[in-house]
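Colleague: Now for the letters of each chain:
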Amino acid sequence: MTAVEEAPVSAAGNPIGFGSMKRKEDQRFVRGQGNYVDDVNLPGMLHGAILRSPHAHAKILSIDTSRAEAHPGVVAVITGKILEGIPRPELLGDNFAWMPTLSYDTQAVLATDKVRFQGQEVAFVIATDRYTAKDALELIDVDYEPLPAVMDAKKAMDSGAPVIRDDKGQTDNSITDVMGNKFWESGNAIGTQEAIEKAKADPNCVVVTQDIMYPRVHPAPMETCGSVAYLDPVSGQLTLWTTSQAPHAHRTVYAMVAGLPEHKIRIISPDVGGGFGNKVGVYPGYVLSVVGSIVTGKPVKWMEDRSENLMSTSFARDYHMAGTIAATKDGQILAVDVDVLADHGAFNGVAQPTKFPAGFFHIFTGSYDYPHAHCKVTPVYTNKAPGGVAYACSFRITEAAYFIERLVDCLAAELGMDPAELRLKNLIKPEQFPYETPTGWVYDSGQYEKTMRLAMEMVGYDELRKEQAEKRARGEYMGIGISFFTEGVGAGPRKDMDILGLGMADGIELRVHPTGKAQLRLSVQTQGQGHETTYAQIVAHELGIPPEDIEVIHGDTDNTPFGLGTYGSRSTPVSGAAAAVVSRKVRDKARLIAAAALECSPDDLEWSLGKWSVKGDPDRAKTIQEIALLSHGSLELPEGVEGHLDATAVYNPPNLTYPYGCYICVVDVDPGTGQVKIRRFVAVDDCGTRINPMIVEGQVHGGLADGVGMALMELIAFDEDGNCLGGSFMDYLLPTAMECPDWELGETVTPSPHHPIGAKGVGESATVGSPAAVVNAVIDAISPFGVRHADMPLTPANVWRAIQGNPVRVDMAVE
Amino acid sequence: MQTPAPVDYARATSVDHALQLLDQHGEDARVIAGGHSLIPMMRLRIASPTTLIDLNDLDELKGIRVEGNEIVIGAMARHAEVLDSPILAEHYPVFREAEKLIADPVVRNRGTVGGSMCQADPSEDLSAVGSALRGTVVIRSKSGSRTVPIREFHFGPYMTQVADGEILTEVRFPIRPGAGSAYEKVERRVGDWPVASAGVFVVVKDGVVSDCGIGLTAVGAEHFSAPEAEEFLIGKAPTEDNLAEAAKIAADSCNPISDQRGPADYKKHLAQELTLRALRRASAASQGA
Ligand SMILES: Cc1cc2nc3c(=O)[nH]c(=O)nc-3n(C[C@H](O)[C@H](O)[C@H](O)COP(=O)(O)OP(=O)(O)OC[C@H]3O[C@@H](n4cnc5c(N)ncnc54)[C@H](O)[C@@H]3O)c2cc1C
Numbered sequence: 014m015t016a017v018e019e020a021p022v023s024a025a026g027n028p029i030g031f032g033s034m035k036r037k038e039d040q041r042f043v044r045g046q047g048n049y050v051d052d053v054n055l056p057g058m059l060h061g062a063i064l065r066s067p068h069a070h071a072k073i074l075s076i077d078t079s080r081a082e083a084h085p086g087v088v089a090v091i092t093g094k095i096l097e098g099i100p101r102p103e104l105l106g107d108n109f110a111w112m113p114t115l116s117y118d119t120q121a122v123l124a125t126d127k128v129r130f131q132g133q134e135v136a137f138v139i140a141t142d143r144y145t146a147k148d149a150l151e152l153i154d155v156d157y158e159p160l161p162a163v164m165d166a167k168k169a170m171d172s173g174a175p176v177i178r179d180d181k182g183q184t185d186n187s188i189t190d191v192m193g194n195k196f197w198e199s200g201n202a203i204g205t206q207e208a209i210e211k212a213k214a215d216p217n218c219v220v221v222t223q224d225i226m227y228p229r230v231h232p233a234p235m236e237t238c239g240s241v242a243y244l245d246p247v248s249g250q251l252t253l254w255t256t257s258q259a260p261h262a263h264r265t266v267y268a269m270v271a272g273l274p275e276h277k278i279r280i281i282s283p284d285v286g287g288g289f290g291n292k293v294g295v296y297p298g299y300v301l302s303v304v305g306s307i308v309t310g311k312p313v314k315w316m317e318d319r320s321e322n323l324m325s326t327s328f329a330r331d332y333h334m335a336g337t338i339a340a341t342k343d344g345q346i347l348a349v350d351v352d353v354l355a356d357h358g359a360f361n362g363v364a365q366p367t368k369f370p371a372g373f374f375h376i377f378t379g380s381y382d383y384p385h386a387h388c389k390v391t392p393v394y395t396n397k398a399p400g401g402v403a404y405a406c407s408f409r410i411t412e413a414a415y416f417i418e419r420l421v422d423c424l425a426a427e428l429g430m431d432p433a434e435l436r437l438k439n440l441i442k443p444e445q446f447p448y449e450t451p452t453g454w455v456y457d458s459g460q461y462e463k464t465m466r467l468a469m470e471m472v473g474y475d476e477l478r479k480e481q482a483e484k485r486a487r488g489e490y491m492g493i494g495i496s497f498f499t500e501g502v503g504a505g506p507r508k509d510m511d512i513l514g515l516g517m518a519d520g521i522e523l524r525v526h527p528t529g530k531a532q533l534r535l536s537v538q539t540q541g542q543g544h545e546t547t548y549a550q551i552v553a554h555e556l557g558i559p560p561e562d563i564e565v566i567h568g569d570t571d572n573t574p575f576g577l578g579t580y581g582s583r584s585t586p587v588s589g590a591a592a593a594v595v596s597r598k599v600r601d602k603a604r605l606i607a608a609a610a611l612e613c614s615p616d617d618l619e620w621s622l623g624k625w626s627v628k629g630d631p632d633r634a635k636t637i638q639e640i641a642l643l644s645h646g647s648l649e650l651p652e653g654v655e656g657h658l659d660a661t662a663v664y665n666p667p668n669l670t671y672p673y674g675c676y677i678c679v680v681d682v683d684p685g686t687g688q689v690k691i692r693r694f695v696a697v698d699d700c701g702t703r704i705n706p707m708i709v710e711g712q713v714h715g716g717l718a719d720g721v722g723m724a725l726m727e728l729i730a731f732d733e734d735g736n737c738l739g740g741s742f743m744d745y746l747l748p749t750a751m752e753c754p755d756w757e758l759g760e761t762v763t764p765s766p767h768h769p770i771g772a773k774g775v776g777e778s779a780t781v782g783s784p785a786a787v788v789n790a791v792i793d794a795i796s797p798f799g800v801r802h803a804d805m806p807l808t809p810a811n812v813w814r815a816i817q818g819n820p821v822r823v824d825m826a827v828e
Numbered sequence: 062m063q064t065p066a067p068v069d070y071a072r073a074t075s076v077d078h079a080l081q082l083l084d085q086h087g088e089d090a091r092v093i094a095g096g097h098s099l100i101p102m103m104r105l106r107i108a109s110p111t112t113l114i115d116l117n118d119l120d121e122l123k124g125i126r127v128e129g130n131e132i133v134i135g136a137m138a139r140h141a142e143v144l145d146s147p148i149l150a151e152h153y154p155v156f157r158e159a160e161k162l163i164a165d166p167v168v169r170n171r172g173t174v175g176g177s178m179c180q181a182d183p184s185e186d187l188s189a190v191g192s193a194l195r196g197t198v199v200i201r202s203k204s205g206s207r208t209v210p211i212r213e214f215h216f217g218p219y220m221t222q223v224a225d226g227e228i229l230t231e232v233r234f235p236i237r238p239g240a241g242s243a244y245e246k247v248e249r250r251v252g253d254w255p256v257a258s259a260g261v262f263v264v265v266k267d268g269v270v271s272d273c274g275i276g277l278t279a280v281g282a283e284h285f286s287a288p289e290a291e292e293f294l295i296g297k298a299p300t301e302d303n304l305a306e307a308a309k310i311a312a313d314s315c316n317p318i319s320d321q322r323g324p325a326d327y328k329k330h331l332a333q334e335l336t337l338r339a340l341r342r343a344s345a346a347s348q349g350a
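Just so you know, the sequences run in chain order A and B. Our numbering numbers the first residue of the first sequence as 14 and each following residue consecutively. Our numbering numbers the first residue of the second sequence as 62 and each following residue consecutively.
In case anyone wonders, no lab produced these hints; they're calculated from the structure. Every residue, glycine too, gets a C-beta built ideally from N, C-alpha and C. Among the hints, erroneous ones may be present.
[Unchecked claim] Only part of the chain A face toward chain B is listed, based on derived beta-carbon distances under 7 angstroms: (1) 145; (2) 147; (3) 157; (4) 685; (5) 746; (6) 809; (7) 810; (8) 823; (9) 827; (10) 828.
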């Protein structure tokens, strides 16, 4: 398969197949006609608000709700005590006060014994309007006994550290996964250690170690999380409108959490205003809206505000990574070892496939060919919000890619070698694919050097290095940073990957109506990725039906088949494949019907876009639209062929797909103030086949902005007392257009050999790849001051401190 | 919490009416100008006034004009007007340079000069400009008007001379022929409050600094000013060495605190670096460079 051939154009001017076209969904978004959870208003609906803990760690001595209950307009006040009295089937606890997380841990719905992070849910007020509900929160009196808090992950396992999860009978803050492991390893520990020791003893080799932190950040979607629950007291049917990236997975989780029969649960995820992983998990607020509806018999809406979103919902990263890299003096990488301390917060709520509790961090080996690698990830509890799936991370690949790309730059600095040259020397070669990494992952395809050379050519790498040398001589500091990343996306093969026992294969359903218009029902849920357009284009490509004639239906579990949802860049690799497969089923059936209509053998027919025609006699043909009508009409169908032109499929990916790219960032640093200005950013992505290149570029633009944000400003730090220092947009800085240069995008196209249309998924590539490019550029700029590393975010203060040789510790309050 | 507590609202039709409303609603009433500081505080319930008295209709508090040898900025002049004012651009480019870096266009279209002064945020940019230029503010109550030097206006963070039942009506600045002025700010991101800022004016006459003013914000400078540094510089030639020494004296008088915008040592360094950069440009401008 090669690059996309030009698709014919439909009457509406859209490509019948692949190519750029405007997003179908934007018709409603640009008119302000989107329909989000907060737009759902039902007759008699009540409003909920959550009282949250001001403390990171405290005993709850008593909760007095009487003043709140007496407040006019308040209908009910729910506390953990009340939830304890509501039984539910045994699943990690037997009452509503606790719920299972996606990692088989338990999480408090409302705190009963203790609060374990600032912002934790303590009580739920239900009132006739949302202002009354909020006002009543101030009338609840909670008596807390503050406890010392564990805010520094590095001290979580100290003897004598306060124990956070005494509810589980723990005596320390270690985390044990469902398989009984307290840490997660991959690769070859002994081989890697031996290779490193050997290199240390060899005068022709170097060994470089570096502590690299990927601090806690937040996905901060434009739309915060919320839900409207209505449990019909007569039918027992629960309808839940909710901000979910994974409506089907949520339905099953609610069946487990609430003990409700799954056939009586309908999850509707209407338009979702950004997810980035933030809307994968099930939050106490969602559950409370359900409980609220059970208690009141009315629909209950809960919508969190910005601070609640930042302080209590799924964070991302928080990985302390201690890396070691060994190489020959001429730059051949020999081995990489990494020891990770993973801060999971107060409840282990990461949403990773069960067998991969550290996600896909194991592809930290990067895009390079070397024999030895090993990682060990140790998770701990701290008094911080739980989570850890989120922010466009492809299951921890963001951490992995940042780690290796930073470490390789440290090696280049040690060797005095150009970081581009070092990378080119070690990149996996095209003929080595499929390539098995030292940690056992099989990369599907790649032409790494070609992609890297294109990026270098676009940015004018050699001239930039010349300019840099001239500027340095004048005391000006510019930097050039490279990142070459490989992601593994499209989770995943069901034998390897599940979440809470649910395999990660995706169902799909295609109905072609008598007039040849079609409906495609997806299990995945768009949060802005453009599914309504991309999937229509896949069907168009396979069947020749114009994309404007294909309606993509998603986000309602009663109207779509089961599947695990949209995150980890899995939609195109899994559901995109399903869309091609189901279209091909329809095409195959259409062939039988066309043969019957044309009175020939199916073998005599050949397919060209949109029609089956008789080989050698192209005028004898039936278009897909004609066949659709025939399939619903009076034509006598051959033996074994049923009427209609519908099909279903479930796609189980044989492997992950491995998109990759090379990003180069150019910055200017003012050493007097530490300010960083991004001058240029070249991003060459290879995500295989590009279905809608405009959408791909939009995804890349967004991800690059994310990366700039994380590299330069985004951060959730905590002080020793447990206060969250990133609880509003005044403190949690997101990048604006002003921080973003004109992105310069390029592409190479190396299709995935195992995906039906060769597409690899691109939703997270830029978020994964860009932070390292920015950080490497800044460090390159200030390397004349002897700086080899500084942790993100590289705020002016951090850059200046790094230049002074006194870098700040980013995860704790600035001192 | 990001939802304000219940609050009453009244719209003033004149300054006298506003003063009367303040009187009528008592000490828990607050005037509201642009609302870009007060509303966020109300949402976080740091402030819970019982009544808001809206000044937005008061034309008598709007506009920027020259009166004799003073520039008068009405309390209700918006940041955006300050940014675009030809009068200020002519006499004190420091305003335009500062305003370009205050918040974002949405905030600048609503936020006012009076609100900025009365908010008295220790990181307020206009406080540094006002202090550098040694302006005065006019405060009115039912019993009349009084004028207070900006350098005596702030008691400390969020505390000013404006007492219950009073309204700030205007801010005045002396015109200084031949003055050069400049503003320097470091922010973590466009639209963020300053990590540190310095605003200065310098008048160079016959090769020596005949007058100057240094204002600093977010770095714990008393009254947003650095009088010892000004004293040092006045009467001296604006050489690099003298400007650098003045900047050092200015920084030495600051007591910044560490916060997520940066550690204290960095802010102190910025106080010096930004003062120096601003002094260089302002003295060059005064000398017609
Ligand atoms: C996102 C954002 C970013 C910002 N960034 C910056 C920045 O970088 N630098 C900076 O300096 N500022 C910044 N600000 C603050 C901005 O300048 C505010 O608009 C300003 O501080 C307050 O002006 P206001 O008219 O909105 O006042 P309001 O919010 O209406 O009032 C503030 C206070 O002053 C009182 N008050 C207002 N007018 C009078 C009066 N005439 N007499 C007596 N009391 C009065 C009010 O009662 C209230 O207590 C930012 C604000 C926001 C929202």
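Colleague: Under the constraints set out in the numbered hints, which ones does this structure not fulfil?
Modeller: The structure breaks hints 1, 3, 8; every other hint is satisfied.
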